[in-house]
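Protein chains: 2
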Amino acid sequence: MSQYTTRQNKLQQKLKDNQLDGFLVTQNVDIFYLTGSMQTGYLFIPVKGEAVFYVRRSVQRAQEESSCIVKALGSFRNFGETLKTDFPQVFESKHEPILATEFDVLPIQIFNRIQSIMPHVKWNDGSVFIREIRMIKSPDEISKIKIAANAVNQALETALGKLKVGISEVEWMSEIEYSLRLQGHVGLMRMRGFNQELVTGMVAAGISAAKPTYFDGPAGGEGLSPASPQGSGKNIIEKNVPILVDLGCCIDGYVIDQTRTVVIGELSEELVNAYQTSEQILKSTETLLKPGTICEDLYFNAVRLAEEAKLHEHFMGYGADQVKFLGHGIGLEIDEYPVLAKGFKYELQPGMVIAVEPKFTFPESGVVGIEDTYLITEDGFEKLSITRDGVIRIREN
Amino acid sequence: MSQYTTRQNKLQQKLKDNQLDGFLVTQNVDIFYLTGSMQTGYLFIPVKGEAVFYVRRSVQRAQEESSCIVKALGSFRNFGETLKTDFPQVFESKHEPILATEFDVLPIQIFNRIQSIMPHVKWNDGSVFIREIRMIKSPDEISKIKIAANAVNQALETALGKLKVGISEVEWMSEIEYSLRLQGHVGLMRMRGFNQELVTGMVAAGISAAKPTYFDGPAGGEGLSPASPQGSGKNIIEKNVPILVDLGCCIDGYVIDQTRTVVIGELSEELVNAYQTSEQILKSTETLLKPGTICEDLYFNAVRLAEEAKLHEHFMGYGADQVKFLGHGIGLEIDEYPVLAKGFKYELQPGMVIAVEPKFTFPESGVVGIEDTYLITEDGFEKLSITRDGVIRIREN
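So the sequences go chain by chain: A and B.
322 is the number that UniProt numbering gives to position 322 of the first sequence; each next residue is one higher, with no gaps.
162 is the number that UniProt numbering gives to position 162 of the second sequence; each next residue is one higher, with no gaps.
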């Protein structure tokens, strides 16, 4: 059985558990996860029986890439009738069929069109089903995340040789991105969240990193202009300021996420202390990274440690712009489940891959911290990030 | 009056014309267009009176970037009450208020939450209003697109010096992207279409360029893997094959889009002929680029010319994977209005910026064509792309 069939079967079990008759999968990443192909169209998964991938473009390519049944979508107006013909057990049962789709990403306009061609269907939000299944990574997925972890490490180590006083954030980031692209980085990291976007992360030095932003993460970044108000900008890197290097890439679909703190010269005592606290929080988190730990408890533990260090005002952003999490799942997207935040009651399970990112923001001097990505195993964790820890100090040139 | 106020006033006129009471703007690009800031939140524009930008993150940054009234969004649960208080003329009139939002991009889940806190509001799709206003570019926007056009030209000319037999598509693309990033490219080009994504375009050589893909464009590209099945891939560039170089970038929010055909050595007679036909279609299109021309007529004219050249089977893709347009508006997004396609009855107007991209696909040998971006002026057009035309021939090294 292919891994795609296994995933579809898991989704069918969720449908059964929730008395749903089928799932119409619409988003490119979800379709790729469930079929092995990212061509556009709709994947229909009935609660029982075989799924069909109705493809708009490219049918030829979907057939080459996927072992699913692939059919040409044809006229969208007839899609309702097509489904009725192909899945009589769903659409001609006694009750009106109840289907799920991804309410978290599907735009209203497309949903309205779908509703208009299937007037007798009731719709439920099935986003969480797919997100929960995607939380647990297969060995194949883990091996891809490891490749991305290696690429980021290689890119950082190579680029450190080009870091010098007077280079701008975006100039140094360009070096890192050039290396990542040559190693197969797709060019961007996919995000599920509405209005969120990410290329490779950020390099931001000093107060530029502490500049708040819309981005749903603990550090901001001045960015290039109000039209791209996050991440690396034109700020010139000086000596003795913390350089936050929050990097990721996407190789063969899978992302990695890690952060290191770099400095040309020396950091102040306050920042060294805060950095050490971030490493202590990471180490403390590691002792809890095993099956059974409740996700939100990792966040509470980190907050407690930040409070004990009297650094809670600086933890994960500053003031009104603090974010309320310690980390997040990664995989095909950078903002996967589980989130290490209040309200996330999931127990850690083997196969989960999470980025843990304790960071401290000082509006007057910058951001320091560390972030590593971990795989939860049967009896603990495996660290997937391979970059050396500690503040990375470069001698002034 | 700031350009943002002018844009809001245009939207208010659309609201008035359509008997709507207000617009809740939700998408990052639309919010930026109307406020000058891309922070997250909701911009409420009443049909009459001043707009308010309710910001989730970062309030501080929105206040710095925008001249709008900025308020902290606060608890989303109270947002309905906040709007009632701030806009009594909208929410306490005799009839139930009818508001618009962007149905083309807003996910169902967020829309449902909005509906639940404003139970007495009726909602209309207002996507088209914003897209129509955004069709007409201001002098400020045009100057930014020109900067992007210069950057792409510079990146291409620089990278041509590194093009040689044996380099892979993605290796050569990395050179181009490195140059673009150093010139201020944001790192990706924004797209409005669901499931569409774009970094900088594509470099694809020979049959790799002809490989069909989900991407809503005339050429495909093998891409790096099924997880990124478009654009540049690991294919090695050989001599005497057409290299399609479809490039864009996003600087200070604004994108450019252009294509050139490059070859190391010589192209076959069939491909030279097809390339010349693409230039002829471009020249013929130029004679029609003036106020008053109907958008779809540009497409019909191009199809007629492709038919006369007996190349219509190869025009804008091949076989089942042909796309049915000749070009598209560009600006803050790469897929703006107007589209040069059947059904688009808009007349060309001064201030429109459109990319025109006649291309021919040969599954056995590749894709050739040209694409330039044009500004419609009072009496014709101004070409914004500045790259030399003709097939760019590199001597075999």
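Careful: at least some of the hints might be erroneous.
Because identical chains share one entry, a pair is satisfied inside a single copy or across any pair of copies.
To be verified - No more than 27 Å apart at the CA atoms, straight line, and that leaves these computed lysine-lysine pairs for DSS-like:
id	residue 1	residue 2
1	Lys234	Lys14
2	Lys14	Lys164
3	Lys324	Lys71
4	Lys342	Lys16
5	Lys234	Lys146
6	Lys16	Lys310
I should point out that these hints are in silico values taken from the structure, not numbers from a laboratory.
### Task
State whether the alpha carbon distance between Lys342 and Lys16 is at most 27 Å within one copy, between copies, both, or neither.
For Lys342 and Lys16, the Cα distance exceeds 27 Å both inside one copy (29 Å) and across copies (44 Å).
### Message
Reference check for the pair Lys324 and Lys71, CA-CA at most 27 Å: within, between, both, or neither?
### Response
Intra 44 Å, inter 21 Å, cutoff 27 Å: inter-copy only.
### Message
Reference check for the pair Lys234 and Lys146, CA-CA at most 27 Å: within, between, both, or neither?
### Response
between (32 Å within a copy, 20 Å between copies)
#### Entry: Intra- versus inter-subunit Cα pairing at 27 Å for Lys14 with Lys164
For Lys14 and Lys164, neither the intra-copy (53 Å) nor the inter-copy (53 Å) Cα distance is at most 27 Å.
### Task
Tell me, please, which holds for Lys16 and Lys310 at an alpha-carbon limit of 27 Å: within, between, both or neither?
neither (49 Å within a copy, 55 Å between copies)
### Message
At most 27 Å between alpha carbons: which applies to Lys234 and Lys14, within, between, both or neither?
### Response
The answer is neither: 48 Å in one copy and 39 Å across copies each exceed 27 Å.
In summary, the numbered hints that this structure violates are 1, 2, 4, 6.
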